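Student: From first to last, the protein sequence lines are chains A and B. If you count the first sequence from 1, position 26 lands on 26 in the numbering used here, and the numbers rise without skipping. If you count the second sequence from 1, position 170 lands on 170 in the numbering used here, and the numbers rise without skipping.
Hints are not guaranteed to be accurate.
Keeping only pairs whose Cα atoms sit at most 20 Å apart, straight-line, the calculated EDC-like set for lysine to aspartate or glutamate is [said to hold, decoys possible]: (1) B/K2 <-> A/E179; (2) B/K228 <-> A/D235; (3) B/K228 <-> A/E124; (4) B/K123 <-> A/D246; (5) B/K123 <-> A/D42; (6) B/K228 <-> A/E231.
Okay, the calculated beta carbon distance ranges per label pair [what the hints assert, rightly or not]: (7) A/S95 <-> B/V70: 29 to 37 Å; (8) A/V18 <-> B/R87: 13 to 21 Å; (9) A/Y33 <-> B/I268: 37 to 45 Å; (10) B/C172 <-> A/Y177: 34 to 42 Å; (11) A/Q190 <-> B/T232: 50 to 58 Å; (12) A/A180 <-> B/L247: 40 to 48 Å; (13) B/A121 <-> A/S135: 56 to 64 Å; (14) B/V70 <-> A/A50: 41 to 49 Å; (15) B/A31 <-> A/P84: 37 to 45 Å; (16) B/R161 <-> A/A50: 55 to 63 Å; (17) A/Q190 <-> B/F133: 55 to 63 Å.
Simulated from the structure, these hints should not be mistaken for lab results. Keep in mind the model is a prediction, meaning the values are calculated, not measured. Ideal Cβ positions, reconstructed from N, Cα and C, are used throughout, including at glycine.
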Amino acid sequence: MNKKRSFLRTAAAYPHMVWSVLFIVVPLLFVLYYALTVENPDGSFSFSFANITALGSESYFPVFIRSICFAVVATVICLLLAYPLAYALTQCKVSSQRMLIMLVMLPMWMNLLIRTYSWMNILETNGVINNFLASIGLPRVQLLGNAAAVILGMVYNFLPYMVLPIYTVMSKIDRRYIEAAADLGCNGWQTMLRVILPLSASGVISGITMVFVPSVSTFYISQKMGNGRFEMIGDTIERQFMSNYDYHMGATLSLVLMVLIIICLAVMNRFGEEDGGVLV
Amino acid sequence: MKAVSRIYMVLIFIFLYAPLLTMVLFSFNEANSLSVFTGFSLQWYRDLFQNEEVLEVLSNTLILAALSSVIATVIGTAAAVGIEKMRSRWLKSAVTTISNMPMMNPDIVTGISMALLFVFAMKLFGMDSIFGFPTVLIAHVTFNLPYVILSVTPKIRQMDRYLPEAALDLGCTPLQSFFKVELPAIMPGVLSGLLMAFTLSLDDFVISYFTTEGDFQTLPIYIFGMTKRTVTPDIYSLSTLLFVAVLLLLILSNVMQGHAERKEQRKIAAQAGARRKKKGVR
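The shape of chain B in the complex, shown without the other chains (with noise of 0.2 Å):
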């Protein structure tokens, strides 16, 4: 049975990563093919970062990203704080489940209704075209708040609830409370949301599709108009070095997540030591 086991396991791994593979190695290929393998080179690596086209599109979708997030995780950890106050059940429950929307619907659904919405305030703006940067960044805004959202609603649930009331009582006004004692305790939350909505943004084809035009492009919008005519081998090397940016940030956002644990930890522990302490003095 084991033995079954560990065979099927092993199978599905090589289903899932065959393509991953194909990636890698064609990308490293001597001759200008996706399908037979002549020899090891790294032309198409150099090619890239020669093709001025490629280097434009990268910049475009690195700074999408990073725009993107930065506001999403502003807004969203903002909203995150103001979401757990609210007093009225109906009115969070309204408000969570229309920020889900867009992970909930399919992201075609998501990038057609908000293309509807440039087109109308592009008629009313009587505009030739809005589309481009502007309702692209405004698109990965809206999809990622609610990610951002779902990673720092857990740390302020945990967080000690009077910690900033004692921060009020020590004389800091509400605004600082927040800054200096509230977001420290919530930052490994709004860390992780950040770089979720920084890989998300980076990988998105459909929504960005929808709502942009033209000179615009991101990366996967290019990668899909480069697979519509034939694909050379440097496509691959594209993906390649994308998929190790992704796994670098994945890496890294699990290493921040462990250590924040470890950290927590430690610190339950030394409260526990306090308080035997405590007990064997009295």
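Pulled out of the complex, with its shape left as it was, chain A reads as follows (with noise of 0.2 Å):
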């Protein structure tokens, strides 16, 4: 009886197992299948390195690097604006602390391109910012299609997935502490960089994933505030899929993308075992 009871139970995560195979599993093997073949000319498949070799060339090693020097910039920035922003949010009253931290997210909830789009008629030659310079007698400046405008895109899109887990963190370390470390005689500043800043070291590592993986992965924001004129990973992709109907390259691609963010979660979780070590 028990036993048949508790296989009822199990089975009833099959249809799950299921679906997870067959649109997880078997989509992603795809991928690497079409990675390692070319199309013959007669519509066959057959089994190249073509592909993979290709990604050294002129045409996809430079958008390699500036992806992720883009992505890299982008969440160092995110990291300098959100960890004050955690911190004050954490001296807020308790009461307002729930209602601030939705403040925060609720941007995240208008839909990106609606985001974005907004962005360039803020920075546009006769946007928002260049109507006020002009209406005050400035000349107009422009704004949009230089790299800070990409950057400045995924910094807006990204920054509260730094904030979150950040916060998160911090308002749960014990206030007993810092005034431990007061009492032991640190001032403010050692307070933040021996007590706070290890104690919230994992918030800084989820938020450094959840903001690196999107932004490296990105191609709306690098189309529409670039003009067009940086080309990422993700602005790749889409085109070998959408427009030159590469699916061989485009899913070489994507595979060299999750290799990198394999890579990147790799080393995160490593510092984040290592922190926890140290603290324990």
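Put the two chains together into one complex; each comes in its own frame, and the hints tell you how they fit.
Tutor: What follows is the structure, encoded as structure tokens:
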């Protein structure tokens, strides 16, 4: 009876397991398959490393470097903006903290496309800022179509992903540690560096992954904010699928993106563990 | 120091809300312009409700969100119950890792991997195109599933383990015990999973973009198409409405959670009261 029951229970997960295999595992295997094959003129596929070697060529390699650089810069800026904000939030009254963190997350519920488009409206040559400059007699400035605009778009879109995990970890820090540090003669900065920073490191690490992953793989932001001048991996993948119909190259690029992100996650996990070890 | 942190917070909030305010402001613009505000008008909202294409896209999006969130909630809740009961640790972690993949992978990779599967299926069955509602539906259910499981699992762990056993002892069949005893106990988790799935599905662009084609458009895809041409303020009025809808859903889910928490607290308080009374009698 008992055995039968627990079998029934586990069976409840079967539809999900079948679904996961069909629509998660198999599609990822297809990415691998397309990446390692090329299409012959007669429409059949044959095994080849041609796509992988093409990655080193002029048309792809600079794109990778650019994507990684932009994503790293955006992640660092997010961290620099979010850390003080998360700290400031924990200093607010407990009753208003929940409200404030909701307010931080709220803009994320506006569609990504509209958020980005709205920034274009603000920054355009005849946009909100430039109209304001013109009205007070200053010359108009070109704010879009440069690397800074692309990075601004990324920082704006992903900043809340950095704030949330840092705030969550920071708000759980035992107040008595901070008091103890003060009692033992730490000044404000020392408390920050020696107590709060190490204790909130796990939040920082998950924040970094949560910002880096969408930044490195974005395709809409770079197209719009950079006027199409700064192609990133996401843009290249989109082009391969939507206009060149070269699924094999598109799959290869996706595979690289996945490997990149697995490496990033692994490195971050390692840091996380080491930190945990030091703390205990 | 306090003043500095206040100013800093205000500045960040200005940064976060600037595009949102621009959107709302220009959705009420009298002129057909997204940079010069000439006066207040509701004409873009009126246009929106007369634009049949937009209404069709809107209904597509809502049907997709409703259907995909319900399917994901049913499969996901059952899965959460089943995964909790798994004896083998290895199997448990394998199942969770795989189902979390769409959450960890960049959306573009999830979208493309599914597109490749559908292309293959198309060739296999010799069809012209299968891209459309069914493929987007499958994609949405897939990326919604981990969120449902994540919100149901904690409720299962919190539930009194002896509740289902008591139900069985009192003569319930396993199915009856699940529907009459366990499901009500985990309901708050199920509902918040459903809401989460619904909003995620409403908002998704990247995965839908790669798994649909031509006729079947969702709102974000329609907006994407519009931003490639010249954009008129009605796109902003549409987004404002959508944002308000999501906002209402979020408030609803918060109120529901608060309600559930209060109920739980009352229950605990009542139990404590009962214990105290019992002690007093003794």
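Student: It remains to establish, for every hint, whether it holds in the given structure.
Tutor: Hint by hint, here is what the structure shows:
1. Simply put, B/K2 and A/E179 have alpha-carbon atoms about 18 Å apart, close enough for the 20 Å limit, and the pair holds.
2. A hinted pair counts as satisfied when its Cα atoms are at most 20 Å apart, and B/K228 with A/D235 qualifies at roughly 15 Å.
3. Distance hint between B/K228 and A/E124 is fulfilled; the C-alpha atoms sit about 15 Å from each other, no more than 20 Å.
4. At roughly 16 Å between alpha-carbon atoms, B/K123 and A/D246 fall within 20 Å of each other, so this suggested pair holds.
5. For the hint pairing B/K123 with A/D42, the CA-to-CA distance comes to about 14 Å; that is within 20 Å, so the pair holds.
6. A C-alpha spacing of about 17 Å is found between B/K228 and A/E231, which places the hinted pair at or below 20 Å, so the restraint holds.
7. At about 36 Å, the CB distance of A/S95 to B/V70 agrees with the hint of 29 to 37 Å.
8. Hint check: A/V18 to B/R87, Cβ distance near 20 Å, so the stated range 13 to 21 Å holds.
9. About 54 Å separates the C-beta atoms of A/Y33 and B/I268, a value inconsistent with the hinted range of 37 to 45 Å.
10. Restraint check, B/C172 to A/Y177: a C-beta distance of roughly 49 Å breaks the suggested window 34 to 42 Å.
11. Checked against the given bound of 50 to 58 Å, the beta carbons of A/Q190 and B/T232, roughly 56 Å apart, stay inside it.
12. A/A180 and B/L247 have their C-beta atoms about 42 Å apart, which keeps the hinted 40 to 48 Å range intact.
13. For the hinted restraint 56 to 64 Å between B/A121 and A/S135, the CB-CB distance of approximately 57 Å keeps it satisfied.
14. Separation of B/V70 from A/A50 is about 45 Å and conforms to the stated range, judged on CB atoms against 41 to 49 Å.
15. At roughly 40 Å, the beta carbons of B/A31 and A/P84 sit within the given window of 37 to 45 Å.
16. Checked against the hint of 55 to 63 Å, the C-beta distance between B/R161 and A/A50 comes to roughly 57 Å, which is consistent with it.
17. Look at A/Q190 against B/F133: about 60 Å separates their beta carbons, and that is inside 55 to 63 Å.
Hint violations for this structure: numbers 9, 10, all remaining hints satisfied.
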